[in-house]
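4 protein chains.
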Amino acid sequence: MRSIDINCDMGEGFGNYRTVDDKALLPWITSANLACGFHAGDPSVMKEAVQLCVAAGVRIGAHPGLPDLQGFGRRQMSISAREAYDMTVYQIGALYGFVVAEGVLLQHVKPHGALYHMATHNKDVAEAIVNAVYKVNPDLYIMAPAYSEMFHAAERLGLRIAKEAFADRAYQEDGRLVPRDYPGAVIHDTEQAAEQAVRIIQTETVTTLNGLSLQIEADTLCIHGDHDRALPILRAIRIRLDQEGIQVASLS
Amino acid sequence: MRSIDINCDMGEGFGNYRTVDDKALLPWITSANLACGFHAGDPSVMKEAVQLCVAAGVRIGAHPGLPDLQGFGRRQMSISAREAYDMTVYQIGALYGFVVAEGVLLQHVKPHGALYHMATHNKDVAEAIVNAVYKVNPDLYIMAPAYSEMFHAAERLGLRIAKEAFADRAYQEDGRLVPRDYPGAVIHDTEQAAEQAVRIIQTETVTTLNGLSLQIEADTLCIHGDHDRALPILRAIRIRLDQEGIQVASLS
Amino acid sequence: MRSIDINCDMGEGFGNYRTVDDKALLPWITSANLACGFHAGDPSVMKEAVQLCVAAGVRIGAHPGLPDLQGFGRRQMSISAREAYDMTVYQIGALYGFVVAEGVLLQHVKPHGALYHMATHNKDVAEAIVNAVYKVNPDLYIMAPAYSEMFHAAERLGLRIAKEAFADRAYQEDGRLVPRDYPGAVIHDTEQAAEQAVRIIQTETVTTLNGLSLQIEADTLCIHGDHDRALPILRAIRIRLDQEGIQVASLS
Amino acid sequence: MRSIDINCDMGEGFGNYRTVDDKALLPWITSANLACGFHAGDPSVMKEAVQLCVAAGVRIGAHPGLPDLQGFGRRQMSISAREAYDMTVYQIGALYGFVVAEGVLLQHVKPHGALYHMATHNKDVAEAIVNAVYKVNPDLYIMAPAYSEMFHAAERLGLRIAKEAFADRAYQEDGRLVPRDYPGAVIHDTEQAAEQAVRIIQTETVTTLNGLSLQIEADTLCIHGDHDRALPILRAIRIRLDQEGIQVASLS
Numbered sequence: 722m723r724s725i726d727i728n729c730d731m732g733e734g735f736g737n738y739r740t741v742d743d744k745a746l747l748p749w750i751t752s753a754n755l756a757c758g759f760h761a762g763d764p765s766v767m768k769e770a771v772q773l774c775v776a777a778g779v780r781i782g783a784h785p786g787l788p789d790l791q792g793f794g795r796r797q798m799s800i801s802a803r804e805a806y807d808m809t810v811y812q813i814g815a816l817y818g819f820v821v822a823e824g825v826l827l828q829h830v831k832p833h834g835a836l837y838h839m840a841t842h843n844k845d846v847a848e849a850i851v852n853a854v855y856k857v858n859p860d861l862y863i864m865a866p867a868y869s870e871m872f873h874a875a876e877r878l879g880l881r882i883a884k885e886a887f888a889d890r891a892y893q894e895d896g897r898l899v900p901r902d903y904p905g906a907v908i909h910d911t912e913q914a915a916e917q918a919v920r921i922i923q924t925e926t927v928t929t930l931n932g933l934s935l936q937i938e939a940d941t942l943c944i945h946g947d948h949d950r951a952l953p954i955l956r957a958i959r960i961r962l963d964q965e966g967i968q969v970a971s972l973s
Numbered sequence: 722m723r724s725i726d727i728n729c730d731m732g733e734g735f736g737n738y739r740t741v742d743d744k745a746l747l748p749w750i751t752s753a754n755l756a757c758g759f760h761a762g763d764p765s766v767m768k769e770a771v772q773l774c775v776a777a778g779v780r781i782g783a784h785p786g787l788p789d790l791q792g793f794g795r796r797q798m799s800i801s802a803r804e805a806y807d808m809t810v811y812q813i814g815a816l817y818g819f820v821v822a823e824g825v826l827l828q829h830v831k832p833h834g835a836l837y838h839m840a841t842h843n844k845d846v847a848e849a850i851v852n853a854v855y856k857v858n859p860d861l862y863i864m865a866p867a868y869s870e871m872f873h874a875a876e877r878l879g880l881r882i883a884k885e886a887f888a889d890r891a892y893q894e895d896g897r898l899v900p901r902d903y904p905g906a907v908i909h910d911t912e913q914a915a916e917q918a919v920r921i922i923q924t925e926t927v928t929t930l931n932g933l934s935l936q937i938e939a940d941t942l943c944i945h946g947d948h949d950r951a952l953p954i955l956r957a958i959r960i961r962l963d964q965e966g967i968q969v970a971s972l973s
Numbered sequence: 722m723r724s725i726d727i728n729c730d731m732g733e734g735f736g737n738y739r740t741v742d743d744k745a746l747l748p749w750i751t752s753a754n755l756a757c758g759f760h761a762g763d764p765s766v767m768k769e770a771v772q773l774c775v776a777a778g779v780r781i782g783a784h785p786g787l788p789d790l791q792g793f794g795r796r797q798m799s800i801s802a803r804e805a806y807d808m809t810v811y812q813i814g815a816l817y818g819f820v821v822a823e824g825v826l827l828q829h830v831k832p833h834g835a836l837y838h839m840a841t842h843n844k845d846v847a848e849a850i851v852n853a854v855y856k857v858n859p860d861l862y863i864m865a866p867a868y869s870e871m872f873h874a875a876e877r878l879g880l881r882i883a884k885e886a887f888a889d890r891a892y893q894e895d896g897r898l899v900p901r902d903y904p905g906a907v908i909h910d911t912e913q914a915a916e917q918a919v920r921i922i923q924t925e926t927v928t929t930l931n932g933l934s935l936q937i938e939a940d941t942l943c944i945h946g947d948h949d950r951a952l953p954i955l956r957a958i959r960i961r962l963d964q965e966g967i968q969v970a971s972l973s
Numbered sequence: 722m723r724s725i726d727i728n729c730d731m732g733e734g735f736g737n738y739r740t741v742d743d744k745a746l747l748p749w750i751t752s753a754n755l756a757c758g759f760h761a762g763d764p765s766v767m768k769e770a771v772q773l774c775v776a777a778g779v780r781i782g783a784h785p786g787l788p789d790l791q792g793f794g795r796r797q798m799s800i801s802a803r804e805a806y807d808m809t810v811y812q813i814g815a816l817y818g819f820v821v822a823e824g825v826l827l828q829h830v831k832p833h834g835a836l837y838h839m840a841t842h843n844k845d846v847a848e849a850i851v852n853a854v855y856k857v858n859p860d861l862y863i864m865a866p867a868y869s870e871m872f873h874a875a876e877r878l879g880l881r882i883a884k885e886a887f888a889d890r891a892y893q894e895d896g897r898l899v900p901r902d903y904p905g906a907v908i909h910d911t912e913q914a915a916e917q918a919v920r921i922i923q924t925e926t927v928t929t930l931n932g933l934s935l936q937i938e939a940d941t942l943c944i945h946g947d948h949d950r951a952l953p954i955l956r957a958i959r960i961r962l963d964q965e966g967i968q969v970a971s972l973s
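Protein chains in written order, with the numbering used here: chain A, 722 to 973; chain B, 722 to 973; chain C, 722 to 973; chain D, 722 to 973.
No wet-lab data here; the hints were simulated from the structure. Careful, some of the hints might be misleading.
The list cannot tell twin chains apart, which means a pair is met if one copy fits it or any two copies do.
[What the hints assert, rightly or not] With a cut-off of at most 20 Å between alpha-carbon atoms, the simulated SDA-like pairs for lysine to any residue come out as follows:
#1 856 with 776
#2 856 with 823
#3 884 with 776
#4 856 with 826
#5 884 with 935
The following block holds chain A by itself, in its conformation from the complex (with noise of 0.2 Å):
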C-alpha cells in the first residue's frame, strides 16, 4: 500500500498578528512546517504552535527563514554559506527547545521562502544547511524537491530526504514551480489539486503547464496554508486519496 506525507507551513504568526488558522488544518496534515522566528514565529507563538500539532498527532518540523520579518522571509538576500549554516543551526535549535519540552521528537527540516529557493539552486547554500540541519541531530530529515542542490547535497552526506512535491503549484519542465506571479501558478481548484496529488503519488509523474508529463518523486505533498482554498484543497485530496487507497502518514 502506497504512503505519503502531506505537509504544511503552520505557526506563522508574530505577536499579536495571526495568519491562518492553524487548528483548522491540523487534522487534514501529517507533518507541520513551524516558523522559528526570523520570518515569521515568535517563542509564545511557536510554543503554541507545537502543543497544537502534538494535540493532533502531527508530526513537527523545522521551518528556518531569512531574517527578513517585514518580508516574509521571500526577498533573497545575498548571505554566505557560513551564513546560512549559523542561521539554520540557530533557528533548528529554537524550535527543538519547545519540541523537547513537549516530550516530543523533531522529525524533519525545511527551509523557507528565499532561503529554500537559495537551497534548491545554489550549492554552496544547500551543502551548508544541510551540514547544519546533520549537525544538529543526524536522525532528522530534509524536505526537498527530488533533483535540488538541496536533494543531492543531502544524498552525498548521508541526510534522511523526504522528497517534495506540490499538489497546489504548477511545475514547468524543468521540474521547478512556476513563479507565484505567473497566470496558472497557483492551482485553487479542488479537484485539479487532488487529481495532480493522486497522479504524483500513482504515476510518479505531473503534468507542467505546458501539458508536458515530467517524472517527480514523493515522499511528502506540501500544500499552502496561506491562501482560502487550503482548507477545501486539503479536504478533497484526503477524500481521494482514500478513495485511490492511498495511506497518509508521516515520514518517520
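Go by the hints and put chains B, C and D onto chain A.
Frame of chain A; chains B, C and D shown alone:
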C-alpha cells in the same frame, strides 16, 4: 580541597559589533554565559563563541535575555511568566543547536540583565525560567544567588543549582548587589576583588558596603567582562586562589 | 454648535500582517493615529495608511510606541525620559516623511499603549514626549486625557492639546480607564457607547463603572478599532451625534 | 578658487555598541552621512550624532540603508523599487526629526552599502530613491557617483546632485570602485590617498588600479571612517588640499 567555578558573560557582539575580547578572557575562566540573540548575539556570533569555548576547554551556558537589543537586555519589561518561559526555552534551544553541532554538552543557564533581576525577585518569573530550563534539559545547572526566588524555585523543582557570588561587585546587607549606578558598586581594585573572592570561598561570608559581614555560599564566581579591569581582576583572582590552594574547575 | 473630533488607531499592520480593515473605519472618523514602526507599522504599511487617510480626508497623527513589535507596544519597559524623547522624535519624523511626501500636514501626536500610560502617569516621561513633539513641530497637537501628566506637561510648554475621552471604555472614579482585563472595561454595546459619547460632549461628565458622575472634557473621542464592534459603535455614535446636532470635525 | 566637500559615514553605533570615534573625525570633514536605524543607528545614537555634527559645524545628511542590522546593510536584498522608496522616505524622515529638533537643516541624502550599490546599477531602484528624496524635500542634495543610475535619475528629476568620488578606494576602468575584497581596493597609504584627492579635484581624472587615466568629477570626497587609517588619511588630505589652495566646504 575547595573548588570554585569562575563564570563570565561572552559572545555579546552582534553583526559587525563587538564588545570585549572574549579570547583574552577565556584562559582565566571555566564557564561562559553566551548571549542567545535577544539582548546580544546573533547566529554567527554564537557559533564563534561556542567554538572559542570548546577550543579553550571552557564549559558553556545559555545566557537568555529580554528581547531588547537596543537596551542590551538591561531595561525591565513587564513580561508575563508565560512569556519568560517561552523566551527562555527559545534561547536555550538556539544555543543548544550550536553546542551540539560542535559535539559538546550544555552545562548551565544564567538569565541576563533585567531578566536575571526579575528571576531574583519575582517568584512567578523565577518559576517560569527554572521550569523552562528543566523542560529543555533536567541535567542543566541554573546559576542563581542563594536565597533568590530563582534559587528557591530551582530547589522546589529539583533542578541543579550553582550558587553564584560576585567578586567584582559590592553587596548590600540584604544579600543583593549594590546597584551599578551607586558609588562603590563595582570593585575596580584587583586585590580587593581577589580578597573578596577568597573570603567568600574560605569563610562563606562577604563584607558589605556598610562593613557588615554577610553569609554567602558560592559554587561559581561571576566576573563582569565588560569593563577594562576584567582581565587584571581575573588574573589577580586566579593567582590568589592558587596561593590559597583553591582549585578552579567548572561545575560538572 | 458643538464640535468633536473622532480618532482611531490605524496602520497597525506589519509586513504581510494586517489587523483591522482601515478602509472600513476611515469614513467614520476625522483623525487617525498611525503606527510608526516600533510597536507596529513598517515603511510600506505607513505609506499606504497615509495615502488612505489623504484619500478619505482624515487628518493624520503620529502614534509612537515602545520598540516592542512582539508585545505590540503594550508591555511596560523601564525606559529613561531621554529614551522616551529620542524614540518619539524618531517616530514622528519617520511618519512626517510620508505625510510631507503626500503633500499634507501632520496634525497631532498620540503615544501608544504602554508609552501612553507612562506619559499619563510619569511626569519625566510626559515632559520628554511633549518636548519631543514641540521640538519637531510646535504647531502639532498632543492628544492627552485632561489632568494627565502629559496634559500638564503640554500646558506648561504651551503645546496645543486635544483633550481625549473614550466612548468605548469604562471610567474609574479617579478619571482613569478601567483596565482592559476587568469586567465591563470595554463597552461593546453600540447604544451605550453612543450615549457615553453624547453625554461627554453635552454635559462634560461621564458615568463611572461604579455609577458615579465624573467631570470630563473632550476635544476628541477615541474609538478602538481592534475589536469587531468598532464599526457598529462608530456608526451608532455618528448617528447619535448627528441627531443631537453635534458636528464631527478634525482638530484643525 | 576650487572647493570640495568631504563626507564621512557617522553615527553607526547601536545600543551599547560603537564602531568608530566620530568625535575624532568631525574636525576634518564638512558633511556627515548619519545612519537612520536600519543598518545601524538607533534614536539615541542618531540624536547624539546630530548634536555632535551641529557642535562641529558639520552639515548633516541621511544615510538610509537596508533593514539588516546584522549584515550592516551590506547584504544585497531583492527589494522592489516601491520598497526602496518607502524605506528611504521613512529613514530621511526619522533623521529629519532630530535635525529639526536641533534647529538645523538637512543637507543631503546618501544611500548606504547594498542600497547604494543598487541605486548605482539599478534604474528602478535609483529612480525610487531619488523620488523619495525629492518628495520629502526637493532642496536636498543626493550624493551619487557621476554617470551612475542614481545620478541620471536625479538629473531627470531636477534634484540637486553632489557628484561623489573616493580618495581612499581604487577605481576600475569602468568608473566603478574595485570591490573591497580585491587586493589594492582600499588605499591605506595616506600620501597616496591625498594625491588621489588632489588629482581628482585639479585634473578631474583618477588613475585606475590598472594604471589608466579615468575622467571623474567630484563635488564631494568620501572617506571611509571604519578603518584605523581614516584619521591619518583625513589629516593628510586636508594638509595637501590646503597646500594646493583648495578650499574644503560643505555643499551649501
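Checked hints:
For a Cα distance limit of 20 Å, the shortest separation of residue 856 from residue 776 across copies, 18 Å, qualifies, whereas the shortest one inside one copy, 29 Å, does not. In this assembly of identical chains, residue 856 and residue 823 lie within 20 Å of each other by CA distance solely across copies; the values are 8 Å between and 22 Å within a copy. Neither within a single protomer nor between protomers do residue 884 and residue 776 lie at most 20 Å apart by alpha-carbon distance, with minima of 26 Å and 38 Å respectively. For the homomeric pair residue 856 and residue 826, the shortest alpha-carbon distances inside one copy (16 Å) and between copies (13 Å) are both at most 20 Å.
Taking identical chains as interchangeable, the C-alpha atoms of residue 884 and residue 935 lie at most 20 Å apart only when both belong to the same chain, with a minimum of 15 Å there against 54 Å between chains.
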